[in-house]
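Kindly generate the complete structure, drawing on both the sequences and the hints.
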Amino acid sequence: MEKARNKLKILLMQIRKDRQVAAEELTSFARHANLDDAQFDILNVFKTPYFDHSILKGYDALWVGGASEANVLYPQKYPFIESAKKLLSRCCDIDFPVFASCFGFQLAVLALGGEVVDSFDDDFEMGTIPINIAVQGKKDLLMRDIENPFLAVSVHKQKVLKLPENCELLAETNVCVHAFKVKGKPFWAFQFHPEVDRDILVERLTIYKQKYTQNDAQLDQVLAHAVETPDANALMNKFVDRVLLGRG
13 MEKARNKLKI LLMQIRKDRQ VAAEELTSFA RHANLDDAQF DILNVFKTPY FDHSILKGYD
73 ALWVGGASEA NVLYPQKYPF IESAKKLLSR CCDIDFPVFA SCFGFQLAVL ALGGEVVDSF
133 DDDFEMGTIP INIAVQGKKD LLMRDIENPF LAVSVHKQKV LKLPENCELL AETNVCVHAF
193 KVKGKPFWAF QFHPEVDRDI LVERLTIYKQ KYTQNDAQLD QVLAHAVETP DANALMNKFV
253 DRVLLGRG
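For the sequence shown, the positions run 13 to 260 when my numbering is used.
Just to be clear, a hint being listed does not mean it is correct.
Below, simulated DSSO-like cross-link-like pairs (lysine-lysine); rule was C-alpha separation at most 27 Å, straight line [as the list claims (entries may be wrong)]: (1) 151 <-> 171; (2) 29 <-> 15; (3) 169 <-> 97; (4) 29 <-> 69; (5) 15 <-> 69; (6) 59 <-> 69; (7) 98 <-> 150; (8) 98 <-> 29; (9) 15 <-> 151; (10) 15 <-> 59; (11) 89 <-> 197; (12) 197 <-> 21; (13) 15 <-> 171; (14) 89 <-> 59; (15) 169 <-> 29; (16) 21 <-> 98.
If you anchor each label on the Cβ, the simulated ranges turn out as follows [as the list claims (entries may be wrong)]: (17) 130 <-> 259: 33 to 43 Å; (18) 67 <-> 249: 24 to 34 Å; (19) 81 <-> 257: 19 to 29 Å; (20) 187 <-> 18: 32 to 42 Å; (21) 85 <-> 56: 13 to 23 Å; (22) 242 <-> 59: 30 to 40 Å; (23) 259 <-> 94: 29 to 39 Å; (24) 142 <-> 214: 32 to 42 Å; (25) 32 <-> 147: 32 to 42 Å; (26) 14 <-> 186: 37 to 47 Å.
Don't read these hints as lab results, they were simulated from the structure.
Built from N, CA and C at the ideal position, the CB exists for glycine as well.
Have a look at this one:
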């Protein structure tokens with residue numbers, strides 16, 4: 013018997029210290045997934061850095077959001093990284109549905125044996141960018157019916173050049189890998205932000221402009237070119253419909 017949409021419960025792993033951004037991230041995930049905020053419970057890894065797979069009990073899926081300041085390459089500074097990697101690996105082992113965005117994408121790559129590197133130049137991806145769908149992406153359950161290329165919001169200073177062996181490349185730019193699915197598993201991850209639309213991008217970059225922009229002129233240029241990203245934003249609703257509710 014199909015589970016009712018309003019009965020779904022999602023565990024959202026958040027890597028956010030700023031309360032405003034954390035609240036906005038939750039609302040964005042829920043809105044684009046056509047779910048209520050109350051259907052999400054929060055695992056804030058800054059408050060709870062140590063956890064194991066027992067935390068999944070009672071949930072239909074694990075969603076992992078982005079980060080404002082953490083770096084997956086520094087587990088000694090951010091102790092929750094090891095717990096998060098082990099949890100994602102366990103999800104893969106037991107076929108537990110996962111939808112991971114940005115920092116979550118990088119955690120998943122490391123958890124499954126891939127490699128993440130720092131971007132040491134200032135030419136990292138920031139703003140609304142076109143993303144190319146790979147061969148497997150054109151057949152993917154979530155991405156098969158979107159335009160190629162499609163527009164998405166991307167803001168990140170680390171990148172993935174090579175995926176773990178058990179993963180299918182779904183989308184990329186000339187800079188880095190942007191989406192993958194674990195073969196035979198209900199596990200998707202995206203370097204871009206499916207949950208972020210134009211309005212949220214403007215708000216987020218304005219808050220963190222000192223981290224991601226060199227000056228107000230650069231910020232103004234990025235924001236001037238920001239556009240809506242409907243194909244990327246639709247991925248969460250498709251994940252709920254096609255994966256969690258089995259309507260694919």
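Hints, verified against the model:
1. 151 <-> 171: Since the Cα atoms of residue 151 and residue 171 sit roughly 24 Å apart, the hinted pair holds (cutoff 27 Å).
2. 29 <-> 15: With Cα atoms ~34 Å apart, residue 29 and residue 15 exceed 27 Å; violated.
3. 169 <-> 97: 19 Å, holds
4. 29 <-> 69: Since the Cα atoms of residue 29 and residue 69 sit roughly 25 Å apart, the hinted pair holds (cutoff 27 Å).
5. 15 <-> 69: 17 Å, holds
6. 59 <-> 69: 19 Å, holds
7. 98 <-> 150: 30 Å, violated
8. 98 <-> 29: The hint holds at about 22 Å.
9. 15 <-> 151: Distance ~26 Å between residue 15 and residue 151 Cα, so the pair holds.
10. 15 <-> 59: Roughly 32 Å between the alpha carbons, so the hint for residue 15 and residue 59 is violated.
11. 89 <-> 197: 31 Å, violated
12. 197 <-> 21: Since the Cα atoms of residue 197 and residue 21 sit roughly 19 Å apart, the hinted pair holds (cutoff 27 Å).
13. 15 <-> 171: With Cα atoms ~37 Å apart, residue 15 and residue 171 exceed 27 Å; violated.
14. 89 <-> 59: This hinted pair holds, its Cα atoms lying about 14 Å apart.
15. 169 <-> 29: 18 Å, holds
16. 21 <-> 98: Since the Cα atoms of residue 21 and residue 98 sit roughly 21 Å apart, the hinted pair holds (cutoff 27 Å).
17. 130 <-> 259: 33 to 43 Å: This hint holds: roughly 40 Å between Cβ atoms.
18. 67 <-> 249: 24 to 34 Å: Check passed, 25 Å falls within 24 to 34 Å.
19. 81 <-> 257: 19 to 29 Å: For residue 257 against residue 81, whose Cβ atoms are near 35 Å apart, the range 19 to 29 Å is violated.
20. 187 <-> 18: 32 to 42 Å: 39 Å, holds
21. 85 <-> 56: 13 to 23 Å: For residue 56 against residue 85, whose Cβ atoms are near 21 Å apart, the range 13 to 23 Å holds.
22. 242 <-> 59: 30 to 40 Å: 34 Å, holds
23. 259 <-> 94: 29 to 39 Å: At roughly 36 Å between Cβ atoms, residue 94 and residue 259 fall inside 29 to 39 Å, so the hint holds.
24. 142 <-> 214: 32 to 42 Å: 19 Å, violated
25. 32 <-> 147: 32 to 42 Å: 40 Å, holds
26. 14 <-> 186: 37 to 47 Å: 41 Å, holds
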